[in-house]
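The whole structure should be built from the sequences, with the hints applied where relevant.
Chains as they are written, first to last, in our numbering: chain A, 571 to 1063; chain B, 20 to 148.
Some hints here could point you the wrong way.
Covered stretches of chain B, as calculated for chain A (at least 3 residues, CB under 8 Å) [unchecked claim]:
| # | segment |
| --- | --- |
| 1 | 60–74 |
| 2 | 110–116 |
| 3 | 127–135 |
Derived by calculation from the structure, the hints in this document are not laboratory data.
In this text, a Cβ means the ideal position worked out from N, Cα and C, and glycines have one as well.
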Amino acid sequence: MSTSNLHMYVLAVPLLTAFFVNLLGRISRRWVAPLVLGALTFASLASLCVLGKVLRHGSFSYTVGNWQPPYGIELLLDPLSALMLVLISVVALFASISAIQSVRQELPGQEHLFFTLYLILIAGLLGLVLTADAFNLYVLLEITSITTYGLIAMGKGRAPLASFNYIIMGSIGACFYLLGVGYLYLMTGSLNMADIAGILPTVDGTAAVATALAFILVGLWIKMAFFPLHGWLPNAYSLAPTGAGLLAAPLMTKVSIYLMVRVMFWLFSSDFLFLQNPLVSTLVVWAAAIAIVSASCLALAQRDLKRMLTYIIVAEVGYMVGGIWLANSAGMTGAILHIVNDALMTLCLFLAVAAIVYKLGSGEFDKLQGIYRRMPVTMAAFTVGAFSMIGIPPTAGFFSKWYLIQGGIEAGHWQYVIALLFSSLVNAVLFFRIIEIGYFFKDGEQHGHEKKEEAPLLMQAPLLISAVALIVVGLGSGPLVESIIKLALPAGF
Amino acid sequence: MEQFLALIIAKYNYWLYVVLMMIGFYAMIGKRNLVKKLIGMNIFQTAIILLFVSAGVKHGGKIPILDKYEVLKHGVDATQIVNPLPHVLMLTAIVVSVSVTGVALAVLLRIYREYGTLEEDEILEKLGK
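Quick look at the structure:
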């Protein structure tokens, strides 16, 4: 195994393991867990090595099959994509430790089918992060979407209906993206991102190029559930099997935001985006502010923990989209740091929900009474995740929000700053309500002798690690920003 | 008006794709039957496929199958052959659209088993009970 194409192994190992999980899982279900965990552990370690290499030797590109770009498919490894590789593989690893337990309970006998899709989804996400080819990106986008449709449809009750809705919405999003790429191809005759970026300034016909950008952005906004286009997400993620929500919730929206950054600054340029038509960026920041406020209000109306969290995800998408379109260094830093932090926070909260659902069967608020007595470890970690969502120092959520607010003030977008603060307050209300239900209300019948009934150790361990990670990343966000994120910012920031 | 008509005729393939796409879009958003929505999605995807393919047309162009020795001797005259790239891309897009349709049909099957109907209104009615 040569180290020059280590990133290919990061991508290939989950993909190939998916095949073996299906094959060997049919013979005996006992094969599933070691194969999945082995593949993801390898992917995590290898992606850490890749990140180290990129930081030491600078970014490099890799051509698959030695077909030189712009004709062949190019993979780009810069600090941003290497950071995302690490984030995806590590989050996927911890999510899968817990998912194995919850799938065993929720979908007995179907573990091998579930984890086949699960691993292909991870491979698709890793590929999305690596690729530097606009059409390849479309194919990988559909790979991740199709596997997610399947995973969601494995849920009970209304889940297939939610999945079908997601199929319709997701296909519209993907088709819009493809249409945008088609326009760019007609204008430039190329599909390689760097190549298109080089040709675009020489092309006249800004209307067609602007249309292409609009189609691509709307396509990605549907995929990331940016507020008015978020309709599919809450149902899909809350009705999916808990194991699927564990992986999809922290990663899918965040990777879509990464893709938006890629497209905006590697395919187009910041001059094109912000200087030619400053009205557009103002409009998008307004849309983000409205998204944050509305999604937070919708979260208030929910009576189920999982559904509440899905609306918080929609609000967080607004944070990051707004941060990127602020068009200044602080906003961009905050948005990219928030991609990392939000993935970890969502992971932590969903792991806690998975443990609760494992024990109680669902996350309805009525069932949560006295939960702090019954599951103290789970709820302690949940509280850390909740503090991070609210933005209480020293948890990670505080620092990225700080950058975002700073960026908002610098850019003079006060509506965005107010939306962020409002959303923090709403999050505080949301989570303190759960803490109140779980801590202070008493179960009439079981009063005095509530037994401790924690989820299995294998569900608690990743939860505790993710809670600790939130504090560690929070305390280490200074060095993280200095050594990685500053390098990962697009040119000109 | 005449100018407008000339514009439509000159780029009639793009106008056709827009019309097709809107039909598909309407079916996806407006129809209440889930299978009709799915067919709308297919029309939508086909419209985009046609856009790409029609962009690759070259009047009087030959098929892009070349003799290796001929090319090595004289080089390629790009004006004489049709650009194969859009067609190749659309092969991939067709594969994607077929697999999405497959997954969607499987999901529809599960919905039908659960509710005994594919009309959105009737499903919502059953959910409401």
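Whether chain A covers the segment 60–74 of chain B (at least 3 residues having a Cβ closer than 8 Å to its Cβ atoms)
Coverage by chain A holds for the segment 60–74 of chain B (7 residues, Cβ < 8 Å).
Can you take a look at whether the segment 110–116 of chain B is actually covered by chain A? Rule is 3+ residues, C-beta closer than 8 Å.
holds (count 3)
Tell me if chain A covers the segment 127–135 of chain B under the three-residue, 8 Å CB rule, please?
holds (count 4)
Checked against the numbered hints listed earlier, the structure breaks none of them; every hint is satisfied.
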